[in-house]
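Fit chain B to the given chain A structure using the hints.
Protein chains: 2
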Amino acid sequence: MQKPTLPKGTRDFGPEQMRKRLFIFDTIRQTFQRFGFQPLETPSMENLSTLMGKYGDEGDQLLFKILNSGDFAGSLTEADLQAGSKKLTPKISEKGLRYDLTVPFARYVVMNRNNLPMPFKRYQMQPVWRADRPQRGRYREFYQCDADVVGTDSLLCEAEIILMIHEVMRNLGMQHFTLKINNRKILAGIAEAIGMPGQEGPLSVAIDKLDKIGKDKVLDELRERGFSEEAITKLEPLFGFDNASTADTLTMLASWLDASTTAQQGVAELQETLQLATMAGLENAQIDIDPTLARGLSYYTGAIFEVKANGVSIGSISGGGRYDNLTGAFGMPGLSGVGISFGVDRIYDVMDELNLFPAGTGQGTQVLIVPFDADARGVALPLVTQLRAVAIPAEVYPDLAKVKKMLDYANAKQIPYVVLIGSEEVQTGQLTVKNMVTGEQQKIAQADVASFVRQR
Amino acid sequence: MQKPTLPKGTRDFGPEQMRKRLFIFDTIRQTFQRFGFQPLETPSMENLSTLMGKYGDEGDQLLFKILNSGDFAGSLTEADLQAGSKKLTPKISEKGLRYDLTVPFARYVVMNRNNLPMPFKRYQMQPVWRADRPQRGRYREFYQCDADVVGTDSLLCEAEIILMIHEVMRNLGMQHFTLKINNRKILAGIAEAIGMPGQEGPLSVAIDKLDKIGKDKVLDELRERGFSEEAITKLEPLFGFDNASTADTLTMLASWLDASTTAQQGVAELQETLQLATMAGLENAQIDIDPTLARGLSYYTGAIFEVKANGVSIGSISGGGRYDNLTGAFGMPGLSGVGISFGVDRIYDVMDELNLFPAGTGQGTQVLIVPFDADARGVALPLVTQLRAVAIPAEVYPDLAKVKKMLDYANAKQIPYVVLIGSEEVQTGQLTVKNMVTGEQQKIAQADVASFVRQR
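Chains as they are written, first to last, in the working numbering: chain A, 1 to 456; chain B, 1 to 456.
For reference, chain A alone in the conformation it holds in the complex (with noise of 0.2 Å):
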């Protein structure tokens, strides 16, 4: 008989990883909930019609497809096979796996327009499934978090992603981060000032890279995308903003970028946005404005986000921006928003390794209770039924077996307290109360058992 194996790219999450994951989604949710978003779940399969061409060429090829049911092939002809796969995907699939969570949320939106309140927010906490070739940190399933408010252009919704990334980080523990914030229209002001007006795209895919490959590789590339030497020298106070503070970052923007009046909105609009964080009593900021920052630009029009976690050489844990044409391919032009999207993964990486969990994340049964005979159930039950109706997780040990065996599964499980219940213990009323982390034992009346452990 094989061995069973797990497909590559994909994980099972055990006990303890689960308890660690279960805290970073009821963190996150509890935090949308707080801001006004509104859960939604869309289905893992949508049609590949809805899916095909939002994500670009690659996109396509990395969307798990799903083949028809029932006689799929009985209508192929050697025509079609010989016409290759991608011709031939169509006619034996007609849907796929969600890729992410915004194109779903935009035909929700387009499907239910009629009954939204707008603006309407929404968060979302599934997975997501992408044919990516597996590597570390890279999984072909993983969640994503995201919340999205869209039929404003408020930048009121801005400033409160800016306070909800702050709120998240605390709750779940992640003091050191930082927010990294830019605007597409600054990116656009940069191109126009270096005289390259509308080339904000090949601009930032190269500047994108800038962590990775350094300054000098940078410009090379943009020599190679046919920017000038003078668009080059131009750029030159780009990479001079790395210690400044905000507020110096924001003058020096609109300095050196005072001919273009997308640039100076831009800025403004950072400015107003950061203004409105700061009203609402944003405490703490740890944001950095980085107008090298671009995500790839995507569908991004005004503001861009990015959260890292310092100290640890893990990529961002969030990132998002406002967006003009969400639902534009699907006949619903010019619905704005701004959204956020956290990557539980990659959170439970940065925690895992900076050993951020609160103490006891991980743990599960608090009581285990051991009975030594069929009489000292008779004890046991109504105990571990007393546990439970006071919130403490607690269960029987089901099977007699020898002590010894029932503390290793105490200890497998990081089971803190066993109540051991033997024929004395049965006679007195007076229970034998172990601490295994402690080795400590000592004698409690059945009735003080909860309140014994709850104090602890």
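Because the hints were derived from the structure by calculation, they are not lab data. Among these hints, one or two may not hold up.
Note that the list lumps identical chains together, so a pair holds whenever it fits in one copy or between two copies.
[Claimed, not checked] No farther apart than 25 Å at their CA atoms in a straight line, the calculated lysine-lysine pairs in the BS3-like style are these:
no.	residue 1	residue 2
1	Lys413	Lys20
2	Lys91	Lys3
3	Lys3	Lys54
4	Lys404	Lys434
5	Lys180	Lys217
6	Lys87	Lys3
Please read all numbers here as calculations on a predicted model, not as lab measurements.
For chain B alone, kept in the frame of chain A given last:
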């Protein structure tokens, strides 16, 4: 442009539905955890070699299969095509979507057998997918919530499942339900008693339909399946348990089936299970021992459970039982276990139909703050932060809009309180708080808004 649609048999869950679903998920998860079950999640995709052959021929047909990535058709020949869809599938698909939570659990246990503390108690709450014909109440994507304990045959586990079912129902607020219990050994004993030993399979297929088609048609079906008139006459007592108490039912079964040691063992197991549950303090037991309960028998070897809500014609909302060979198909025979599965979609339908969701379950934001101008934002923003800091979900209307529009938004989102801030409120610090249910308005100092809302 074509309007986007959903794949048939799938659903979006909007905010109100989602909040109600989250109430169900949270309640079940919390109860599972109190009983010492530990969380597990497995990937949505499994290798087809893991899934195929586990659910019968029909199940194999109903698996959603995922098209291999890349040039899947590159090596296909015309002969492959002519061999038909069934033979073609394994050449173009290696993975399928999870069909239930049981097989992935068994696969996980086998792959981690050396590291799992036994007995292993796990719960799992994830969607499953079946290419069934969609119909009312039957979907292609739906959630299962399973709790199983494997590695012990102690009847304490059966008793715990009975307790846990009662606890889940109580915590959901579903007071009126019936937990039907039977035991495979009783079904086997009945087959022996009527002179058809080993025929409990066909016997239970027929009597499973008792509720739907009535006694006469069940007997006709048995005749067709080769049961003699003598056997059918001997079966008569089976239809006389309807209004008997659990104690009477057990006595009647013991007397009717006194010649079958298997049946006596089944009766004794049921008796001990109920004693253990009583010992643990089971209150308001809603148990009905039903010797006709079979649930298709499938892999059950001992106890069989089924839960139905009273007062609605919705099928079972939960089911489970004991099995002895869950992991046998993966080369690990003889692992006994017992489990229960809750169907969230059906529980939702019952609670919705009977109006059982606690008031406010569907509610999100508690307070909408409505600033009339830019100055008012200076009051609105600190206030929203204050409210969120004490865990009151709150939001600021982001645009400067007409009051009616903002109140309509609050009503559409079922927000119970709106705080109106105009120039008078900014000057006096006395904000106008409007109760959206009663229409009542009153002036409240900014610092008192949080406690005002909390008291209500």
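How the hints compare with the structure:
For the homomeric pair lysine 413 and lysine 20, the shortest alpha-carbon distance inside one copy (15 Å) is at most 25 Å, but the shortest distance between copies (32 Å) is not. Proximity of lysine 91 and lysine 3 under a CA criterion of 25 Å is satisfied inter-copy only: 21 Å between copies versus 34 Å inside one chain copy. With identical chains, the CA atoms of lysine 3 and lysine 54 are at most 25 Å apart between copies only, with a shortest distance of 15 Å across copies and 39 Å within one. Proximity of lysine 404 and lysine 434 under a CA criterion of 25 Å is satisfied intra-copy only: 13 Å inside one chain copy versus 64 Å between copies.
Taking the shortest alpha-carbon separations for lysine 180 and lysine 217, only the intra-copy value of 22 Å comes in at or below 25 Å, while the best inter-copy value is 72 Å. Taking CA atoms no more than 25 Å apart as the test, lysine 87 paired with lysine 3 passes between copies only; the shortest distance there is 24 Å, against 36 Å inside one copy.
When the structure is compared with the earlier hints, no violation turns up for any of them.
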